[in-house]
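**Q** Residue numbers (this note's numbering), protein chains in the order written: chain A, 1 to 292; chain B, 1001 to 1753.
It is worth saying that the hints were derived from the structure and are not from the lab. Please note that a few of the clues may not be correct.
Said to hold, decoys possible - Computed list of lysine to any residue pairs in SDA-like fashion (alpha-carbon distance at most 25 Å, straight line):
| no. | chain 1 | residue 1 | chain 2 | residue 2 |
| --- | --- | --- | --- | --- |
| 1 | B | Lys1027 | A | Gln104 |
| 2 | A | Lys257 | B | Pro1624 |
| 3 | B | Lys1575 | B | Thr1560 |
| 4 | B | Lys1027 | A | Ile103 |
| 5 | A | Lys257 | B | Met1678 |
| 6 | A | Lys286 | B | Lys1027 |
| 7 | B | Lys1511 | B | Ser1647 |
| 8 | A | Lys257 | B | Phe1670 |
| 9 | B | Lys1575 | B | Asn1013 |
| 10 | A | Lys22 | B | His1127 |
| 11 | A | Lys257 | B | Ala1752 |
| 12 | A | Lys257 | B | Asn1672 |
To be verified - Listed next, the stretches of chain A that the computed footprint assigns to chain B, with coverage defined by at least 3 CB atoms under 8 Å from CB atoms of chain B:
| no. | stretch |
| --- | --- |
| 13 | 186 to 194 |
| 14 | 249 to 261 |
| 15 | 270 to 278 |
Source: prediction; values computed, not measured. In this text, a Cβ means the ideal position worked out from N, Cα and C, and glycines have one as well.
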Amino acid sequence: MEAIEFTTPKTIDEAVQAMASKGDRARALAGGTDLLVQLRGGRRSADLVVDLKEVPELNEISYRPGSGLTIGAATPCYRLYANADVAANYPGLVDSASLIGSIQIQGRASFGGNLCNSAPSADAIPPMIALGAVANIVGPSGSRQVPVEDFCTGPGRNVLEPGELLVSINIPAPAANSGANYLRFIPRNEMDIAVAGVGSAVVLDASGQNFVSARIALASVAPTPVFSKAAGDSLAGKAVSDEAIEEAARLAMEDAKPITDMRGTIRQRIHLVGVLTRRTLNNAIKRARGEE
Amino acid sequence: MASNIVLSEVEYNVVGKRHLRPDGVDKVTGRAQYGADVQLTGLLQGKVLRSPHAHALIKSIDTSAAETYPGVHAVVTAADLPFASLSREELGGEYQRLKLASNHVLASDKALFKGHPIAAVAAESQHVAEEAARLIRVEYEVLPPAMTVRQAMESDAPLLHEDLFTSELGELSDKPSNVASHMAFETGDLDEGLKQADVALEREFETASVHQGYIEPHNSTAFWNTDGQLNIWCSTQGPFVVRTSVADILRHPVSRVKVTPMEIGGGFGGKITAYLEPIAALLSRKSGRPVKVLMTRTEVFEASGPAPGTWMKVKLGVTSEGKITAADIFLAFEAGAFPGSPVMQGAACALACYDVPNARINGYDVVVNKPKTAAYRAPGSPQAAFAVESVIDEICEQMGMDPVEFRLRNASREGVRRVEGPIFRRIGLVECLEAARNHDHYKAPLEGPNRGRGVAAGFWFNRGFQSAVNISVNPDGTVNLIEGSVDIGGSRASIAQQAAETLGIAYEDVKPTVVDTDSIGYTMVTGGSRTTFATGWAAIEAAEDVKTQMVERVARIWDTPVEDVQYIDGILSHKSDPELRMSFRELARQLLGTGGGITGASNVDPSGEGNGFGVHIVDVEVDPDTGKTTILRYTAVQDAGKAIHPSYVEGQMQGGVVQGIGWALNEEYFFNDQGHMMNSSFLDYRMPTALDLPMIDTVIVEVANPGHPYGVRGVGEVPIVPPLAAIGSAISHAVGRRIDRLPANPGAVLEAM
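Okay, chain A solo, but in the shape it has when bound (with noise of 0.2 Å):
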C-alpha cells in the first residue's frame, strides 16, 4: 500500500534536509488548501509531507517602514488582513488576502503557498508582482532572490529546484502617494476561481494628477500570471485621465493570452482585464490619493 512520510522540522535547515533529502518527491505543507485536496484527489503524489508550520521564519510577518514587509511563506491570510501594519500600508494585499477561498480558508492557505502552487488563477500572486515583491528561496546550496513576476514557469510549475525552500516574501514599503488594488472576476461572490483577476500599483506626484509609475499583473489569462510591464509602463509620466487608463487596459489585453475553459472563454477574459484594469486603476489612484 502507497504509504507517504510526513515531517515536521523546526528550523529552516532542517526543512531543506527534508525537502532535499526527497527531491522532487517532497512536497511542503502549509496550510493545506492546495496539497491536501491535490494528494487526495491524485493530482500530485508524494513520498514526503513536510510540514512548515512549526519553522519560526516561515510564521512570521514583520513590516519596517524602511525595508517594508516580510511575509513568512506559510503565514495565513487572515494574519495578513489581522496586520495593522500590513492593513495600513498594503491595502492591495488586504484585497487578496480577504477573497481567497471563504473565512475558513483564508484561516489556513498562504501566500507563500498561493505561489508555490503557481497556479494561473493565484489570487495572492498579481498584486504581489504589481506591488514589486521578492521571493526569498532558500536551498541545499544557499539562498537566492526572484521577482515574484519570475517565480512561476507554468502551469503548477515554478523556479524553485528540488529541495528549494520558498522561505518569505519581500515587499518594499511603498512609496509616497502610492495605491494598489486587487480585484478578480468570478460569477458567484465566494469560493471560486478567477475567471480574470487584475492587480494594479500606482505610484502618483505630490500632487496626485500625475502617473510616476505603475505596475499591472494579471490572473487566469495565461499559463502563468502575467507581468503586463507595457500596460504599467505606459502611465509613467502621463497625468491621471480615462483616456491613459483606458489605454493601460488596452495593452493589459494584449498581454492576455487566455484559453476557454469550464471557468470562461477566451473573449470574455480578455474582455475582464480590460474591465478590471480600469476598475483596479482607478480603485489604485483613489487609495494614492488618500481618497479611501
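Since chain A is already given, all that's left is putting chain B on it; use the hints.
**A** What follows is chain B alone, placed relative to chain A:
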C-alpha cells in the same frame, strides 16, 4: 410569516404550529447517524472502477491483479450480475428491462458515460480498495459520444443502444435510434386556435444538465448473510424502492432484502435510484463480509442523476385581449445513457397553469452519453416552465400587458381540463396570482439602470401513492409513531403533528421513528411532494384506528355500549353520564391491565392529492461590464393547501428558489469534446452560496385541498418551477435581450448583450 394568507376557516390545535423537529438535537450536535457512519464487525471498504470514456466498447476486463492484491476480498464485474447468466428465453418480456437496469449498475459490453461503473473491489481499507481498482485492466474501443439531444437526434449520430427502437406514439419503430420514445398530448384544434390568435410568437430554448447537489454523497453498506438474508443500510429517499430494485437486479426474493434508511443529507429526487446497493451486495456475497461503498463528489456528479438538459420550442397564439388560444410545444429531453427522462411530466406541466383550449405537445426522450438522468424536484417542470413562461413574458412585453394580469386572465381554476386529461379540483393559482399582485414587492417600482423584474408561475401535480403508519400507545399517555417515510425536510414533525391533531394529544406526546423495510408496511419514496400528504394521511388513519380501539376499551371498562362513548380532543366520555370521563393519558395507563396494549395501523394509497401552484417575483441587476447578475429581491408565493408546519413550508419554498437560482444563473455540466465533465466539484459546479442570495420572502397561501382531511397539498417541488423563467425574464428586461438559454451565466449574458 405575517404575510401568509389563510383562506381555510378550520382552527387546529397542533396542525399549523411551528413545533420543534424531533430529529433536531441529533442533527445539530452531529450525533445523527448517516450512511457513512455505519460500522459493522468485519466491515470491508469498496471502491468502484468507472469508465474514463463517455462512449466505448468494453473489449475485455482483467481483474486478476486486483484479486490477488494483498487485502482484497472480492472483485465484481457485470459478469457477477444474475443477468449475465440468464437467457433471453428465461427472462421473456423482462429481458430488455432487466438488461438496461443491470447495465446501468455495472456496464457489460459498453460504457455509456464517463463514470459508468465497470468493476468494484472490496478490501480491508479504502486505500487498498482504490489501489486494487487501479490494477484492473480494461480494454476499451473508444467511440464518438453523442452529448446533446440535438446531436443524438441526428440521423448519423453514434448509437448508444443497438437494440433501442423508438416507441413512436406507442408503436415500436423498426430502426434503432437514440430517440427512446416520442409521446404527444393534444387537445382542441391547434390550427383553429392559431387562426383565432391576434399574436403568435415562437421561440426556441436550451437548458444545460444540472445536478441536485445534495450535500451528502451516495453511500451503501450491504451484508449478504450465508442464509440469504441481505441487509442494506443506505442514504435513500425510498427504502422500499431500493428493496424492489435490489431484489429485481439481483433476482433475490424481496422478503430476503431488508433496507434500513439512514439519515439523509438531501436527495431532491436524486436518491431514489439504487446505484451502489447492488454492487455492495455482490461484493458482500462474494467476500462473506459486510461491505461499505461510498461515492466521492466527482462520482456523484459523473455517475448519479442529473436533471436533463433540454431543447425546447414553444409557439403561443394570443388574442388582443390577452387570452391564449393555442399552444404548440416541442420538448426534447436528455435521458442520459438509458431511457427515462421526465419529458412526459414536462409535457404535462408545460401548460398546466393555463386554460388553453387548443394545444399540441410533442415530447422526445433521447439517450445521450451522460449519466442517466434522475428525478430532480418537480422533474421536467422547471425546464418546460422556462420555455412557456418566457414566451408569455415576451408576449406581455410586446402587448404592453401586466404579466400577472395576463396570467390571471388565463389561469387554471377548478373545472379546467389539463392537456393530458385530468380536470382540476379546487386549486389556488388565482389566489397566488392575486397575492403576488397585492404584494409590496410587486407594487414597489423597480428603478435604476440595468435592472429588471421577472414574474413566473409554476405547477407540480403533487403525488399520493402508498404509505403506512403504526401508532402504539405507551403507558404514560404518549404514542410511538412508526413510519417508512425518510425524513428530509421535517416530515417527522409534520406527520407527528397530524397524528397529535387527530388523537387530540400534545405534539410532544408523539414520538415518530423512521424504520426499515421489515418493520412497516410499504411506503413509497419521500418525493413527489407526497409525504406530508400521504404519510400524513396514513398517520391520521392509524390515529383513528387507535381512537376506535380506545373507545372500545373504555366502553369495556365502563361496561357500556361503544355507541355511548365519545372521543373529543383527547378526552373519552360517556354521552349521557358525566361521571364517566377519562383522558387519553388516564386510559393509556390502564391499558395493560384491561386487555393489553393498543396499536393502530394503516396502509393508504390516497387519491386526493391537491395540485400545487406558485408565483414568483424577482428583481435583478446586471453588471453591464461583466454580465454578472445580482438577485436584488425575491418573493415566492405558493398554495400549500394547509401548511402543517409553516416553517418547513417556508424552508421548502426558499430551498426551491435557491436551487432554481443556481439552475438559472450558473449551474451546468460542462463537458469537453470527449464528453468528459470538466467541473465535477462544488468548486467549479457553481451552486449559489449564502453570499449570492438575498433573503427570500415567502407568502404561503392556504386554499385547502378538499382531498385531504387537513387540506394538505404537497409543497416541496413547486418552488423550483418558476425561478428559471422568472430570472430569465428579469435578466431579459435588464439587458434588453431575451434570455433563451440556461445557465444565464455572466459570459452568456455578456454575449447576449
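**Q** Next step is simple, just say for each hint if it's right about the structure.
**A** Evaluation of the provided hints:
Taking the CA atoms of B:Lys1027 and A:Gln104, the gap is near 22 Å; set against the 25 Å cutoff, the hint holds. Note on A:Lys257 and B:Pro1624: the hinted pairing holds, with a Cα-Cα distance of about 23 Å set against a maximum of 25 Å. For the suggested pair B:Lys1575 and B:Thr1560, the alpha carbons sit about 11 Å apart, so the restraint of at most 25 Å is met. About 24 Å separates the Cα atoms of B:Lys1027 and A:Ile103, which keeps this hinted pair within 25 Å; it holds.
Between A:Lys257 and B:Met1678 the alpha-carbon distance is near 21 Å, which keeps this suggested pair within the 25 Å criterion. Proposed proximity of A:Lys286 and B:Lys1027 is contradicted: the alpha carbons are some 49 Å apart, above 25 Å. A distance of roughly 20 Å separates the Cα atoms of B:Lys1511 and B:Ser1647; the hinted pair therefore holds under the 25 Å criterion. The hinted pair formed by A:Lys257 and B:Phe1670 meets the criterion: a straight-line CA distance of about 22 Å does not exceed 25 Å.
For the given pair, B:Lys1575 sits about 23 Å from B:Asn1013 by alpha-carbon distance, which is consistent with the 25 Å threshold. Proposed proximity of A:Lys22 and B:His1127 is supported: the alpha carbons are some 23 Å apart, at most 25 Å. Between A:Lys257 and B:Ala1752 the alpha-carbon distance is near 23 Å, which keeps this suggested pair within the 25 Å criterion. A hinted pair counts as satisfied when its Cα atoms are at most 25 Å apart, and A:Lys257 with B:Asn1672 qualifies at roughly 20 Å.
Given as covered by chain B, the stretch 186 to 194 of chain A passes the check, having 7 residues with a CB less than 8 Å from a CB of that chain where 3 are the minimum. For the stretch 249 to 261 of chain A, the assignment as covered by chain B is violated, since 1 residues bring a beta-carbon within under 8 Å of that chain's beta-carbons and 3 are needed. Note: the stretch 270 to 278 of chain A has 3 residues with beta-carbon separation from chain B under 8 Å; the three-residue rule is met and the coverage holds.
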